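Line by line, the protein sequences are chains Z and Y.
If you're matching positions, the first sequence starts at 1 in our numbering and goes up one per residue.
If you're matching positions, the second sequence starts at 1001 in our numbering and goes up one per residue.
Please keep in mind that the hints were generated in silico from the structure rather than gathered at the bench.
Predicted model, so just to flag it, every value in this text is computed and none were measured.
Built from N, CA and C at the ideal position, the CB exists for glycine as well.
Please note: incorrect hints may appear among the correct ones.
Stated by the list, open to error - Going by beta-carbon spacing under 7 Å, a handful of chain Z positions derived as facing chain Y: (1) Asp-88; (2) Pro-118; (3) Thr-119; (4) Val-120; (5) Leu-154.
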Amino acid sequence: MILDLHSHSIKSDDGRAKVESYCQWIRKREIPIDGFVLTEHRQFDEESDYRPLEDRFGILILKGSEVETDYGHVLVYGVNEDMQRAFDFGVINLKLAEVVREVERSGGIAVPCHPGRPTVGMVAHYEERGPIEGVRVVEVYNGGSRTGEDEASLALAEKYGYCGIGGSDAHMVSQIGHCATKFERGIQSVEELVMELKEGSFEALSWR
Amino acid sequence: MALIEIDRAWIGKEFDHSEFKVKQEEMLAFARTCGETDPRFTDPAHPDFQAPPNFTSKFVSRRILPEAFPYLGARGFDAGKTVEVLGPVRPDDTLTAHSKIADIYEKTGRSGPMLFIVHRMEFSNQDDQPVSVVDWRLVRQPDPE
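Taking the hints into account, I'd like the entire structure generated from these sequences.
Laid out in structure tokens, this is it:
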């Protein structure tokens, strides 16, 4: 099962793609993914129901979030009410240690994304302030990375023994599926995604 | 705690209004610049001739930010405009645009913290019919320490 674990729709302030348009593009261009996760910036989109699109296109559509911390941006999977009470998704200088701890406590998983990116990736912050306890997975392939950024992410993952995922970080239709994650087992829900990221077997993929 | 402190009471208050006369030659020039080929936008003889959907994005209000709006740093950039089309714009229309701050929010990027200010212009025509809403995102970044 292959999922793009990092994408944005028009629900994000800088997203330019409708979710339906992603589905149409995946089918029309035969993008080799089985689904994607919408990780809208600094929020969790509770209101949207994408089940009709899932049924129409046969594509799994899950929802997470991308929050902003003192160590850079972080993908959050398994968002629930408990987690949303624990910290404000809209604040841009959350403490990564707190996010990792609270997400884990409330049953989800926090995955620092594009760690090799300046300012908003954790590599530079690790060099300055040291590692954060509790991180186990990071995004090693990101569709928006510039030269050298994914390499820095991969080196970080290897150094600290982190597992790696891939995500397109798509903001426009044509970017969906440029990077993704291949899971050994099937996934049908966010709960299963979280379980696989914590205990399952997966590998990051890039078609860039 | 916010990285750049700003009073959110600025949001929603109208701070400017401007009037614009729509000229046919400007509509045609705009359509050509955008590469439009649809005769609705390029042929004045077309029965439904009108301005391209993003035409109102060319208009700028007299004030970009409200009077007494706080200084947010010398660095910044234009993050672009989005246009919501509500009705057609025709030659010789007189458009009135009301400006307000629609949103203020922070985010972080490669270059550091950024404050986004959304300047919204709501356009209506001489018949008080709404024709479009243009959201202009302006980015300000704090001065380096």
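Taking the hints in turn, this is what the structure says about them:
no.	hint	result
1	Asp-88	violated (11 Å)
2	Pro-118	holds (5 Å)
3	Thr-119	holds (5 Å)
4	Val-120	holds (5 Å)
5	Leu-154	violated (19 Å)
Checked against the numbered hints given earlier, the structure breaks hints 1, 5 and satisfies all the rest.
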